[in-house]
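Enquirer: Assemble the complex: chain R is given as a structure, and chain S must be docked to it using the hints.
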Amino acid sequence: MSAAPGPRLGELFADRHIGLDRAAEQHMLDAVGYASVDALMDAAVPSGIRLQPGENDGTAALPPAATEREALAELRALADRNTVRRSMIGLGYYGTVTPSVIQRNVLENPSWYTAYTPYQPEISQGRLEALINFQTMVADLTGLTTANASMLDESTAVVEGMLLARRASKSASTAFLVDADVLPQTRALLQHRAEAVGIELRFADLADAAAAAGDGSSATGLDDADLDVFGVFVQYPGASGRLWNPSAVFAAVKERGGIAVAAADLLAQTLVAAPGELGADVAVGSSQRFGVPMGFGGPHAGFMAVRAGLERQLPGRLVGVSLDAAGHPAYRLSLQTREQHIRREKATSNICTAQVLLAVMASMYAVYHGPAGLKRIAHRVNRTATRLADALGDAVVHGSFFDTVQVHVPGIAHRVAADLRDLDILVHVVDDLTLQVSVDETTTDAEATTVARVIGAALGRPEVALPVKAALVSVPAELVRTSEYLTHPVFDTHHSETGMMRYLKHLADKDYALDRGMIPLGSCTMKLNAATEMAAVTWPEFADLHPFAPEADVHGSLELIEQLQSWLAAVTGYDRVSLQPNAGSQGELAGLLAIRGYHLSRGDAQRTICLIPSSAHGTNAASAVLAGMRVVVVACTETGDVDLDDLRAKIAQHADEIAALMITYPSTHGVYEHEVRAITDAVHAAGGQVYVDGANLNALLGYARFGDFGGDVSHLNLHKTFCIPHGGGGPGVGPVAAKAHLAPFLPGHPLQQRDTIDRGGASLPDHHNIVSAAPYGSPSILPISWSYVRMMGADGLKRATGAAVLAANYVAVRLRDAFPVLYAGDNGLVAHECILDLRPLREATGITVDDVAKRLIDYGFHAPTMSFPVAGTLMVEPTESEDLAELDRFVEAMIAIRAEADAVAAGEWSKDDNPLVNAPHSAESAIVGEWTHPYDRERAVYPVHSLIAGKYWPPVRRIDQAYGDRNLVCACPPVEAFA
Amino acid sequence: MSDLKYTAEHEWVAVDGDVATVGITAYAADKLGDVVYVDLPAAGSSLASGAIVGEIESTKSVGELFAPVDGEVVEANQAVIDDPSLVNSDPTGAGWMIRVRFTELPTLLSAEEYAALTAE
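Chains R and S are the protein sequences, given in the same order. Going by this note's numbering, the residue at position 404 of the first sequence is 404; the numbering climbs one at a time, nothing skipped. Going by this note's numbering, the residue at position 73 of the second sequence is 73; the numbering climbs one at a time, nothing skipped.
Now the in silico label distances, taken between C-beta atoms and shown as ranges: (1) S/Ile52 - R/Gln26: 55 to 61 Å; (2) S/Ile52 - R/Ala60: 51 to 57 Å; (3) R/Ala678 - S/Ile52: 32 to 38 Å; (4) S/Thr103 - R/Arg630: 31 to 37 Å; (5) S/Lys31 - R/Arg167: 23 to 29 Å; (6) R/Ala977 - S/Ala51: 40 to 46 Å; (7) R/Ser100 - S/Ala51: 57 to 63 Å; (8) R/Pro329 - S/Thr118: 35 to 41 Å; (9) S/Tyr27 - R/Gly687: 40 to 46 Å; (10) S/Ile52 - R/Gly214: 43 to 49 Å; (11) R/Ala251 - S/Ala119: 54 to 60 Å; (12) R/Glu908 - S/Glu9: 37 to 43 Å.
If you want the footprint, here are the derived chain R segments under chain S, 3+ residues with CB under 8 Å: (13) 335-345; (14) 956-968.
Derived from the structure by calculation, the hints contain no laboratory data. Backbone N, C-alpha and C define an ideal beta-carbon position, used for all residues, glycine too.
So that you can see chain R by itself, here it is in the shape it has in the complex (with noise of 0.2 Å):
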């Protein structure tokens, strides 16, 4: 092949990536000083961790930039390489139809996947109500009270079962007594979660014990020491897809003061008894065969039901109601102090984010159908199945089953799937004996007939035919669903294809996304989501292989996968990459459990505490605590950097016990630490691993490596500078990186079609050091990245460096007089992130940074960061892919801020009555009856000329945090509540 030719001029992808052009580059070099982007670099980096010209930085394994053309044709010729067909596979991934309003008005719109997790509640009411709707739903059809906003997949969610039925239950055991049928990715992911932190995993099979115990008894067919467990997990229906009630097993935990879970199929839910009809605590599954593409494994939108009273037990997000200021219900993040990034090492989950896109996708699958659309299509599914299972008659394995039928084909399991895969169709290979068959809702009576004829002939039952009716009834009558479900008028309004277009921009209406205007969130990255890099997701070749689909028909996915790893790798001066972890928290205890698996190799069992700087975020010593870690808090000096002093006496203090340091870098108050090299190596003077914290990997692209300055392992947040979008809290991707010595230990999975990790000859222990329950994580979301990479090249990446932080010490020194930079690094710069100080504000004004929070939304702006990492802050991360403009826009609004709060010093304004205190401020609110504040209406929600143009108007006033805490509603308010 000859050279290609360069990008011609407007072609280059990261000229269109970053915001800043030629002039307002300078116009920014300017006003900071400095007469380059390489001098202002040079001054900011620190010198001993810059790369040097000429040394080895990692490009010359990135490919030159492509225009997005050339992408989209690389990733077309990728997507050739993957075979679709039809899975029958199940084991938790099912076919299904994605409607194509939610496709194109939800997947495909920047109003949706753009936005952030919704912090700022008054700007995020359209989310906030779809996740009711999902939390409704969910615990709707798992017969329990309350669900939070969903989890990240149905395995790490059986394992959170597991650790919530810990800490609520009475027993004193440390045993967890598991059913043997449960999906072979969640018993890994329970086996090496469990080991971590000192629990006992007892697997029985608890639907032959209590079939042999005797039907219709109560009796489990166990006897008191198999039942002397904290809790008991059962998959309903099981993983080989059979149908039994666990109701006296789990009255038999429960009366020892055990802890009952479940994970549950949504869909089978509509026809068969719920969870919490049969006694379950919890419940927990996948929203995926509620219209989300399969996607090779992800991402879907896990989820938790708790019976009242388990509450406060619940991990991750939940979204709640509660009312604003004019007294109008409004939605909210709720019981906050209960999420882990708060609870830091007193945490006791490790799911910090969501997946919120997935879970709105998924919940307005349910709108769309509403209750009997959802019934109509488990009729059909469970009908299917049931024909399939009566043309096979005695071959089958179980009687009761919803939509998965076990056939017993001794010794030809696999011939009868290769005969099937000739015809396009996956079905699950259990053993030589055993084949397994999922009918979802996209299997045709064709398909069933086909996978009938197949094995009927390969039976030597050649007269085997689908019969029109099915003479069996799959769904004992015991276990037969009599109560009602998504009662909601909102899962009965919605189900023409108009009406589910406008509530989507209903919703969507309501909500503050990149696609209004800069969200300037500290520690987060907010950077463009280009329409190149998310074009490829819904293509089918990528979303629609089952994630255990046979190597042959998935070379394109897996050749993606090893490309981006290595890419990764390159980048960050890493060895190897694996993109199984879906979010920074996971990756984080993939990180760490690595360096528990390390140290225990080398017979260094007494490794177990970890250190970590006060200013770390929270996540750090929840995910080293579920590594089974000790915490040891290392202090920081005023100016915010590691305490040196204090990190080595923290060291000599507990020598040989020092299993890891974690570090971010730049530092969580954004700025280049000065002594990074010298705290790297202590910690490996003291034989202890160095994991750095890449949250904030987009201040160093192309100018720093991690494993160049003493990284042993990291993850990366693709969600954050790999443009992965932020989908209003969820999907995220936090692949973990380590060098070499540390391979062996990187996530694998028991399932996986290939190993892409190259681990030098180790071997994998059974439970494969999985931290998801598929292979590679997410891969459906992984062209976005991929695409990022190949549209910058390394040139690309390092100036969207340099034009981050340029654009965050221009705002910080633009606002320096108005709100003092609390934290630089050296030469006074920061580095792609800054924080200003408000509390001297609130000395002087009373003014608060909730104040200014809210009053941005009246300039038409989302909050910065509030109060992290320093209480009474805000945190301003620009990033490159802001204009000028809005730059200076977002400016002039602080400085319009800080005179507004200036006036209520100075009286003009009383304190409780001022446009700050009473921000936002709704259309209601400055039109419907008397104005009676100091300030006129213009002042209100025109504050500055422009936004009468075009303005956002926030749907509801100030939301009361503390009255949602206090009356905990957490599923659809009855619509007079809106009245």
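Expert: Positioned in the frame of chain R, the structure of chain S alone reads:
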């Protein structure tokens, strides 16, 4: 109230005979913000001085209740469990948390000493 004693963990202690009433100070309540939930030890539980015996949650953070004395819980304040906002509105009155029967009173801070501690 000058007859109150204090701890470095921002709790106040009012002693009446062998029973100590314990709550958190106005300073602590203000730092926590709007309290939305309190988890208190049940009557009859025995306490060891310095141990964490309860939790006080606000909308933004979690505070812990430390036992200021060795003893046995005589009563947990049901009113504050039902209405946690009492911690903010009346921290040293209706917002009290637990009453503890003790045998020996450890050294506690005086109002002046506590004021010096929170002056920073």
